[in-house]
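Asks: Residues per chain are reported as follows:
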Amino acid sequence: MSFIPDIQAFCCHYTSQQSCAENHGGLQEDGFPENITINRLSCSGMIKVSALLQAFENGADGVYVAGCPKDECHNIMGSQRAAKKVAAVKKALAELDVEPERIEMYHLERGLSPQFIAAGQEMEARIKELGPSPFKGEKK
Amino acid sequence: MIVAKRKPIAEIVEMVKDFDRVLVLGCRGCVSVCSAGGEREVEILASLLRLGCRKAGKKLQTVTGTLVRQCDKEYIDELDEWDGQYDAVVSMACGVGVNFIANLRSMVRVYPGVNTTFMGGSMEQGVWTEQCAGCGNCVLHLTGGLCPVARCAKSLMNGPCGGSVNGHCEINKDVPCIWQEIHDRLGRLNRQDELLSIAPIRDWSTAGHGGPRTSLRDDLTI
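One line per chain: the protein sequences are A and B, in this order.
Using our numbering, you'd call the opening residue of the first sequence number 1 and step up by one each time.
Using our numbering, you'd call the opening residue of the second sequence number 1 and step up by one each time.
In short, the hints are calculated from the structure, not lab data.
Worth double-checking, as some hints may not be accurate.
Unchecked claim - Going by beta-carbon spacing under 7 Å, a handful of chain A positions derived as facing chain B:
id : residue
1  : SER50
2  : ALA92
3  : GLU95
4  : LEU96
5  : PHE135
Each residue gets a CB set at the ideal place from its N, CA and C atoms; glycine is no exception.
One chain only, chain B, in its complex shape:
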């Protein structure tokens, strides 16, 4: 899922300080699952915005809603339900949702309620970790399913750097060295000989270094 985290409330209050009516708009997709921008978080943010504005001596009206997703045109069209009821939207979706509202509603003032952080998952309640960098050229078949692009601090392709100590990364002892884990895992799977192959210099053009990416499926376009 795309993992996000609510922005500091004072930052959001500053964004909406000139408006009297704000639509706080959640998303039932990834941000609901990571408890950043679903219905519950919408309710909390709306309350915090009202309180923050009150403290600043201003009365703010909030309207709340949550779309199935904010990354598809069909769902953004549901914004029409609140036409005339708001001066600005605070989207609690990931950055994709904010962009989609801006793309599709040229006159709607839209602001981000969360910081979009990474693609990851939750191994234990309340903790999310980055697992995938969306680099566009997956090497997981070579590394036992563990991603060195996202999970090695240097995105190394040919084993660990000199900062790997006792299985931990030099950037933080709480971060496992993913190359140590790749080595151990391939060993358990009796595949460690594969690590002797040298990965070639990587072409990063698929990773967004060539500008915004588009994925086109001819079989699906109309």
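Next up, chain A with everything else stripped away, as it sits in the complex:
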């Protein structure tokens, strides 16, 4: 059976909910992978490192955060802070000898944009290539 990755996306209100609201046909119709779960945040800067790690603990094969463009965050520095937290998790994954590419930060235009769909598709392809999360290999 082909591998369908569990991907958790943490998106700020402006990148995700506006995308959903403005796309009345549904994101999937535009090609947004249906195995990506969108977790809404009022601002990407709110995300905690522990929440990103918890997503992996809960079985995610890949995780990404989508926030505003670096210099256009509604909350000024929110998406830059989110990027730093993603970088911290990348470093921690590398320390555990796990592919840092399993987590990514995207800075996207607000509202429905082709980039929002493309980011999901890129993560879907990337995680399919990487395979299931090594954290799922619980033997004991």
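Place chain B on chain A using the hints.
Replies: Structure of chain B alone, referenced to chain A:
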């Protein structure tokens, strides 16, 4: 504050690999302020330990807690709250905390979660620098408040060495020459003549060179 930094996670995973239940114990003192071992970092380390063990095919249970301090007996006594719930403790306090748990709980297996680095402060968010070496014989009254023991790479007492170039230390151009700063500061304060006095050969016995130090206050002992 005492500044610390989390150890590489693989190193901590290796320490606890033989245990099924680990208490990750933070400290609300200095390590909370420098974001190395407070409640938030405890939560992150516990998650990373569980993930690291899972990857190695082992299920690890974690219990988390944070003490007010780990450098006082009274607070270490609060460890009793978790009696029977853990096989080992990973302390995220500075080395003092790890030592205190080892001193006071003879049968508790305790491991360090952080590397204790120096006494320092944060001039800007996310950056800490060493400011004090705890040498036990402070000379700051002679140097305009800037410490040549901690902040000169050679701990020189009578001005800069030949490696001071344009105000920077030869060990790294990002490190200011503290003797240049002392000179400039005393000049601004119209105290530069004081630099003509030659400091005598320093007695380092107060700096730990005579073994572990004890500070005794008769007025406080019971």
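Asks: Does the structure break any of the earlier hints, and which numbers would those be?
Replies: Violated hints: none; all satisfied.
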